[in-house]
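Chemist: Chains as they are written, first to last, in our numbering: chain A, 1 to 344; chain B, 1 to 344; chain C, 1 to 344; chain D, 1 to 344.
A few of these clues could be false.
Intra- or inter-copy, both count: the list cannot distinguish identical chains.
To be verified - Straight line, CA to CA, 16 Å or less: simulated EDC-like cross-link-like pairs of lysine to aspartate or glutamate:
1) Lys124 <-> Glu312
2) Lys124 <-> Asp50
3) Lys124 <-> Asp89
4) Lys124 <-> Glu309
5) Lys192 <-> Asp51
6) Lys124 <-> Glu314
7) Lys162 <-> Glu121
8) Lys38 <-> Glu188
9) Lys192 <-> Glu153
10) Lys192 <-> Asp293
11) Lys192 <-> Glu48
12) Lys192 <-> Glu317
Keep in mind that the hints were calculated from the coordinates and are not lab data.
Protein chains: 4
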Amino acid sequence: MIFASDNWAGASQPVMDAMVRHNTGAAPAYGTDPLTLKVRDRFREIFETDDLTVWFTATGTAANALTMAACARPGGLVLTSDIAHVLCDEWGATEFFSHGMKMVPVETRNGRISAQALSRELAKHPAGSRFGTPVAVSLTQASECGTVYPLDELAALTGVAKERDLVCHMDGARFANALVHLGCSPAEMTWKAGIDALSFGGTKNGCWCAEAIVVFNQDALRDLAAHRSRAGHLFSKSRFVAAQLDGYLENGHWLDSARHANAMASRLAEGLTASGHALAHPVEANEVFPVLDFATIARLREAGAAFYEWPEIEAGEGTSGVRLVTSFATTSEEVARFLEIAAG
Amino acid sequence: MIFASDNWAGASQPVMDAMVRHNTGAAPAYGTDPLTLKVRDRFREIFETDDLTVWFTATGTAANALTMAACARPGGLVLTSDIAHVLCDEWGATEFFSHGMKMVPVETRNGRISAQALSRELAKHPAGSRFGTPVAVSLTQASECGTVYPLDELAALTGVAKERDLVCHMDGARFANALVHLGCSPAEMTWKAGIDALSFGGTKNGCWCAEAIVVFNQDALRDLAAHRSRAGHLFSKSRFVAAQLDGYLENGHWLDSARHANAMASRLAEGLTASGHALAHPVEANEVFPVLDFATIARLREAGAAFYEWPEIEAGEGTSGVRLVTSFATTSEEVARFLEIAAG
Amino acid sequence: MIFASDNWAGASQPVMDAMVRHNTGAAPAYGTDPLTLKVRDRFREIFETDDLTVWFTATGTAANALTMAACARPGGLVLTSDIAHVLCDEWGATEFFSHGMKMVPVETRNGRISAQALSRELAKHPAGSRFGTPVAVSLTQASECGTVYPLDELAALTGVAKERDLVCHMDGARFANALVHLGCSPAEMTWKAGIDALSFGGTKNGCWCAEAIVVFNQDALRDLAAHRSRAGHLFSKSRFVAAQLDGYLENGHWLDSARHANAMASRLAEGLTASGHALAHPVEANEVFPVLDFATIARLREAGAAFYEWPEIEAGEGTSGVRLVTSFATTSEEVARFLEIAAG
Amino acid sequence: MIFASDNWAGASQPVMDAMVRHNTGAAPAYGTDPLTLKVRDRFREIFETDDLTVWFTATGTAANALTMAACARPGGLVLTSDIAHVLCDEWGATEFFSHGMKMVPVETRNGRISAQALSRELAKHPAGSRFGTPVAVSLTQASECGTVYPLDELAALTGVAKERDLVCHMDGARFANALVHLGCSPAEMTWKAGIDALSFGGTKNGCWCAEAIVVFNQDALRDLAAHRSRAGHLFSKSRFVAAQLDGYLENGHWLDSARHANAMASRLAEGLTASGHALAHPVEANEVFPVLDFATIARLREAGAAFYEWPEIEAGEGTSGVRLVTSFATTSEEVARFLEIAAG
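Work out the full structure, taking the sequences as your base and the hints as a guide.
Modeler: Dropping the structure here:
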């Protein structure tokens, strides 16, 4: 009963198979191998555009921070949600890579920034402000609360951002989970909605360590390749990241994995609600945030369930907010057992 | 006939097997998993000391540059060989991670700095110099010319360095190749010889992407864990690097691979010499630097041999310096065929 | 009627006289001249300790940011008031100089952080948090609202900070104004109250551009001299900053100037209150924050008064918060005329 | 007999007078005052172009390093002379401000890089090199050896640089000394010769601390104002730098000072040659580099002469290279006495 995080899983079978399959023969180093080029082309197909560059990394923090490095300006501000991973969980990577841009938290509801909230925050930072000048906005899709921005909200947000010439970044650590929830195309959820650059996550959804920076607006970012190299994020045996993504993207495996994880989360949500537990946020991707009483939590822990309590959630006396994350590796049996114990 | 680089190979079978083997079940993220702890302990055994910390990374550039970040001081100087990878081939990573330390090249002979040369260079930079203050020295073992520092030379170099309180770093991208050449213990080649921190390379010798920063002198480096995290070099599914190193270090596989690569290089050297080709450097590890005439080069290329010409080598008219690198994946057949063609 | 800022004035007569007086003959460059040493000794007298180093700079932003650079750690957090100059008005200097430390705003009342608020904020950032690790706290004395921390509040704040091993920094851009308000000694307001390093401001109180970083806790900061030099903040003709401070500190001129400025502010406060205008903050130094109706503001502007409206102040309909700053150069006549017009 | 450095002098009388003269009344802060605008316009007149921006700083190191910050790219290289101040005497400021660009020394003769040497060095760094990519070249005019680039050599150098799209920077710490030597116009020595940005030095030639970054090619530099602000190099009472430059540029004072300093240097050179002392470099500006025997050096020191021995100069046994620097403050009497003693 592993619901601690989707990064507690290993690699999915198709990803592992691809790694084994591509581990033959010699290949040129540093990203010039045929497999890297093949996967790059696959990204162009998936996103329905040739005006796209893609840069592999092995961690989401690298993908996010390198993107910010490539649009950094002195005294710049990056607006994010007040609970964004890029703000709260990356050890100051963006501040470091961008040589000191300031992160500005924008208030959220269920993990999502509204266009109004973004607008209000931007109004506090007119051009020339000594606090700093807005440079970029980073939106997490799916959000850290397991919710998903609908396409019209994304468009409204990037619309507000473009009025101030901001670079629009999407942190897609759980990109696939959001995509299958919306049922739209990758293009619709990104460049058609005004996104300039995407951190495309593979790790949480079945890769061992494979992410990609997908750039739709080449003018918005500068020297991204050089930023990646000098940060030690270009791999000599780079086909190793490409191999993972090859397996990941093949035959819709990535979408199947995300659908499975989302379905497991939905089932958790339904079951918990049915047995009287409240949910702090709507469940739209692969995360569930129930409020559980202490006795239930104790029973679950005793039975070996792994999950984190989530202090950000306001909970009444004798109860605690909890975060449950599902993944490609989550089984129906785990979910059923968890729900049984939670039902008391 | 792949002699372009040891990073053109994939992963060795034992490494690949370990990756598959450890890809089961769930594990805590960010380096707190049991496998990471197990491999850390394995490092303590191998280096015969418990006063050792080890931090996994996936690229050698990250290992080198993060080490430099952890000992960085404003206006600091890092002395290296004038052909050091850390100076010439890492896109300015050390300068970036160390917030602008200056790299100072020291003259080399066959890729090795002498204690005298280091001493002379240090004398140019007295304390308080406005050019900068020496902070660290980085020695590559085996060197970029395929030579190996003997233990007494290492001790002499670190002795000179310690007089100025320098941090002594070893870039061990080809650590195993040097080790089996000397036939000494890992401890003798590192902390017993005055090394404070080691970039322990696994990638070139059979891993897909596994390196480790091994710190012997805990006082010399500061906040290394935090430097690694905020640089995006801590993996969520961190067991994946540990798994590679587990397979790498098991049953002496790493030493066997290095012995094989070195033997292939020796055979190349002997064969080329026998057929009248000169060598620019002694062959002590897994690199061979012959000077070949244009006709020979053309014949080899035509037969499909992959290698780089090496402009750093001075070569007479009608000839060119060439670098040949062997690896665990090099076969006797490749070597024999190469020699046959080279013999004309 | 110049109440826009205390940095709209030039240099006071004693400061200007000292600049002229010391502009004779030759002197060694880069801070090794006798005048620099003399003024350094003067600081030791004034702060009643020989365990003090002092580093001149020419801007307050440099003084603040260099201090933060010298205590920076990767992933570090600097806690400040939510309206602190160092956070809101220095173009991201601290973020830049500290290589990306994150500024964390702490809520204030009348510009002051309480020990309770600091404690609450620190509790949100336990050791090892991926958001970041608290490294320093910066307190502005006098605060940006013209209020002054009493000695016991300072001690309480540094007490809370020391429990987490924070470096305690005082931004003393208006140090003299705070000092004469409290009527205590410079030692009492700094190291005796737990302050590790002080940005000692001279510019706003009569210098043209003279600040000093005064370090009481030598272990807390590292390589400050080197940070200053490589940032271009060490002057070749460094006696020029020393000369200003020589004039500034002579015969109690700095305290007289601050007393005058404070007195002018008090008179403004009393007069405005007497004519029915409310004040947003207590007046304890040289700043007054009245809430004025639009008609009054218009009358004052028409008469040539220079001041800024202050949107941070909540004001009822038809009114606006205003900031008035007095300095050594403010005259009784200016104040009287302003009050007369404001009285309607 | 002060020949140690031109920065051992104080401020010249016209500069000091201007400081006193402009120290009246109030002025808006942070570079928006009328005097700053007036001096900016004066620069446009002097350089005969309106397509020029100018940013005041107080140190030459700041001017140089901020310029490099504004053209910095990841993995970038800055080519300079091997004895350039920006490389050897600024504590790593350029490396820091540019977030780790690497300085590449180019060999010099009498302090000057030749177009051929620049070309040769550039050839070593083709696009995409992992050592780094050339971004800028910095030329010191007058050079650190007291020589001056003729206009045709400047044009040849910038011509070579432009082929690789380098930003051409001139470190003009001794700009006026070079200008009066060549007898050309400021425009001819800068933008007409291909210079994109100039560090215009005032300090060594009569100011207390006044430099200016003059940008001719607005596209080559980015966000210079923001770089300056966040580095703490924008002064609140900014008219104080403007005041110095106002006095400096008025009535040709700057050119008169430079002519005087150059004349004093010429006289030193002639006198020393006449009494049999060799010169290491031609004397074209305000520096003289004689080779003196130990007895002469001892006699001069005993008589109170201040100067530095210059180990960079190769000198025979019993002799030592020496640097003599003249300034606006050097008197004929000092020179005469020095020559008399040196003559033995």
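Chemist: Give a verdict on every hint.
Modeler: Tested hints:
1. Lys124 <-> Glu312: between (26 Å within a copy, 10 Å between copies)
2. Lys124 <-> Asp50: Neither way: Lys124 and Asp50 sit 38 Å apart in one copy and 34 Å across, limit 16 Å.
3. Lys124 <-> Asp89: Answer is between: at 13 Å across copies they meet the 16 Å cutoff, but 25 Å inside does not.
4. Lys124 <-> Glu309: Intra 34 Å, inter 15 Å, cutoff 16 Å: inter-copy only.
5. Lys192 <-> Asp51: For Lys192 and Asp51, the Cα distance is within 16 Å only inside one copy (13 Å; across copies 39 Å).
6. Lys124 <-> Glu314: between (28 Å within a copy, 15 Å between copies)
7. Lys162 <-> Glu121: Within one copy only: 14 Å inside, 34 Å across.
8. Lys38 <-> Glu188: neither (23 Å within a copy, 46 Å between copies)
9. Lys192 <-> Glu153: Within one copy only: 13 Å inside, 53 Å across.
10. Lys192 <-> Asp293: neither (44 Å within a copy, 49 Å between copies)
11. Lys192 <-> Glu48: Only inside one copy: Lys192 and Glu48 sit 10 Å apart there, 48 Å across copies, limit 16 Å.
12. Lys192 <-> Glu317: neither (46 Å within a copy, 43 Å between copies)
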